[in-house]
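Chemist: These are the residues of each chain, in order.
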Amino acid sequence: MHLLEGNKLTINFGGLTAVSEVDFYVDKGDILGLIGPNGAGKTTLFNLISATLTPKSGTITFKSRNITGVKPYQVCRLGIARTFQTVKIFANMTVLDNVRLAALFGDSKKPSEAEATKAAMDLLEFVGLVGAAGIPARGLTLGNQKRIEVARALASRPELLLLDELMAGLNQTEIAEAMDLVRKIRDRGVTIIMIEHVMKAIMNVCDRIIVLNYGKKIAEGTPQEIANSKIVVEVYLGE
Amino acid sequence: MDLLIKIVIGGLILGGIYSLVSMGLSLQYGVARVLNIAHGEFLMIGAFITFWLQENGVDPLLSILIVGPALFVIGFILYRTVFTSIRLRSPNPGVFESNSLLAAFGFFLIVQNIAVIIWGTIPHSYSYLGGTVSIGGVAFQENRLVAAAFALAVGIIFYIFIARSRTGKAIRAAAQDASTASLMGVNINTTLALCFGFGAAMAGIAGSLISICFPIQTNVMGLGYTVIAIVVVTLGGLGSISGSFIGGLILGIVGSAVSYTKWLGSDLAVASYYVIFILLLLLRPKGLLGK
Amino acid sequence: MDFSKRDWKKAFITAGIPVIILVVLAFFPMYGWQYGITLFNHFLLFVVLSVAWTIFSGTTGYISLATAAFFGIGIYAAALVYPSVGDRYPLFVVVLIGAAASFVLAFIVGAITLRLKGIYFAMFTFGLVLIVRELLYWYEITVEGRRGRIVKFEGNDTIYYYLLAIAAVTILVAYLIKRSKFGLALQSIGENEEAAAHMGVNVTMVKVFTYAVSAFFMGAVGVIMATKWSYVDPGVAFAPMMSFSPVLMAIFGGFGSIYGPVIGAVIFSYIEEILKTGNWSRYYMLIFGTILVVTILFLPSGLVGLIQNVWRRVMGRRRASA
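Chains R, A and F, in that order, give the protein sequences.
This note's numbering runs 50 ahead of the 1-based position in the first sequence.
This note's numbering runs 5 ahead of the 1-based position in the second sequence.
This note's numbering runs 10 ahead of the 1-based position in the third sequence.
Note that these hints are calculated values from the structure, not bench results.
Any given hint could be a false lead.
[What the hints assert, rightly or not] Here are the simulated lysine-lysine pairs, DSS-like style, with alpha carbons at most 30 Å apart:
id	chain 1	residue 1	chain 2	residue 2
1	R	58	A	291
2	R	58	R	160
3	R	159	R	138
4	R	159	F	188
5	F	19	R	168
6	F	188	R	121
7	R	106	A	291
8	F	127	R	121
Every value quoted in this text rests on a predicted model; they were computed, and no experiment measured them.
One chain only, chain R, in its complex shape (with noise of 0.2 Å):
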């Protein structure tokens, strides 16, 4: 059994079709990337996933449970968390406090108010913010605010953590730094599906990859096989 699955999803917008009969899965323990030129429809995937958007047809799938059109705050109680690709902080909210409504609203074995902040705090040290602990989310980086939505995504003590773009506008270094937390994030057992363009990233750090373009679905499989993908190859050469 697939831990998520998603089967001939297809939304659109106006006249335009953002995705296409997509189907796809991951499998728990899995990191899924998912890649595509821009405006492929990945983010739009994204949003079907975690219920931002409701599919024109097609169902998805999560523990054998169909969770089409369910509402964003169901999914994330289910165990699905994401990070978004413009940083949706909290701007004028502690970076603890970021962290600890989802810890309070988005954990559904409901943690009291002691257990949550220890939890946002012991995240926090996860990802290396302990020490912005008591700042508004505003005054960081975007670098660290990102670390801010990955905190936060994991509060609710996801199964499945869908990371939108993670390392766009990072340095060498921190894109480095991101892979590894990525991996440790993975290690505590929890399943990812990542949109990246670094390509760097996505080749080393995904058991599996998917492309997209232009809404549909042109390639599958390990990253070996998609580098040699000559579909693949044309789609990002010939934009």
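We have chain R already, so just place chains A and F on it with the hints.
Modeler: Only chains A and F this time, still in chain R's reference frame:
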């Protein structure tokens, strides 16, 4: 049959005014992104300027040529100073919308108070074109038919202007995506201010036309029309000017129909608009032609 | 648990000062200063409305312009259930009835409009006062055949104690919400609603419930004001200005904190008192409107925000020179 003519023509009369008022609000919210709850007060000012002009011998219909530009200038300046300042300080569109809403309500207080000081709170009226015209055997007041015709004409002129002219293109570009439009050479600050000014002008002209047919009152007139405009804009679809035009006509006919229904009466016309509003919000918030 | 000296000091200031103020205010009527009591009644009314408004709109950012509607429902509940002649419930019960009625109306309004973007909510609440008023006029005239109702008049002192109690409860509830995880959720909705939803917050439920809670207090205070005005008809009960004043007061005072709206309410209701009885009464809307626009432009965090900024700068300078 008589009743049908009463409802339809009566509806078009109401609807013509509603359309004009609502198109103005649609321009202000759809493009300039200000939910101008003072809109009705600009309408009231237009009505009273016409009243004052006609006291001094100016034909009310001609006064539109003064009211329109005057309110355009007021709206333009207001936007270029206050709202542009708010826009530049707002970290995101949501904050701009709330802050401009609050500023608009500040203007609601200011404009209404100025009008009350000048004209007091008693209803004013004057007679103009007091004859009746017969359509299909039913008598209608000449002034109302003329007002409706002018309202529809002005509405159509504005619509063509926005659809065809260069300025209109700039406006539509700014409505779609202000930042991209500015990158392409559209002077955003001026264009948005133009929209706001046009919106105010349309409200003022509608007010002038209303003063021809009905008594006007400084402290109660405005709010009612603002509420109606809000319902029409939602019915037509937020951001669609032609939607507001059509929505205004539809609501006018609904109001007319409700007014003539025995048990309900004209008091409940506005309540019926609100029922439509509730249904829209429950079933189709996008409205008829909304994006 | 470790209570440092600093914690005790903080607890004393947070809880102690309001309690002291409350005790002082409670003994106020004993001095028999009638004008003072009337003035304070005026203050307390607007403190409740402004703080109640801030509980929802100050945190989530959804601007509600329906305060007058919920206030009016409370007034009308008193008109129906606390008449000057005939059977009636005890005043305390009537307050709860009025508050509950407003709670229900707000819940319905919220359920319809808070699923949608903020602008729909603002638009809908804006017209609500007028619509409820028109409906009630129609009902009273057509169905009941009457113009207005008379509510049993209560003395200044009774009104004072009820208003003081309602104000105290409103402020206490606002404080407790703010400090709770519910308050954290409200704040997150105001910061970034989409993110909050994805972090497990049932945003619609939180918004609707909080909105209803804020309306509860508006309705409660409406019942009491009905006993002061005595004559009630839909026009008296549903006045659009009552939607606008609390907003102005909260904005001016600064809606980031609880004492912001309190300060704004006291200052503005006092200005209103002075203006209404003096030569300037014709200009009060103009003055209020101007202050509102100026506040939006130059004082976005309100008076309290301004004071906090100044305080911070003063503190910073002191530390730097130490």
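Chemist: Go through the numbered hints given earlier and state which of them the structure violates, listing their numbers in rising order.
Modeler: When the structure is compared with the hints, only number 2 turns out to be violated.
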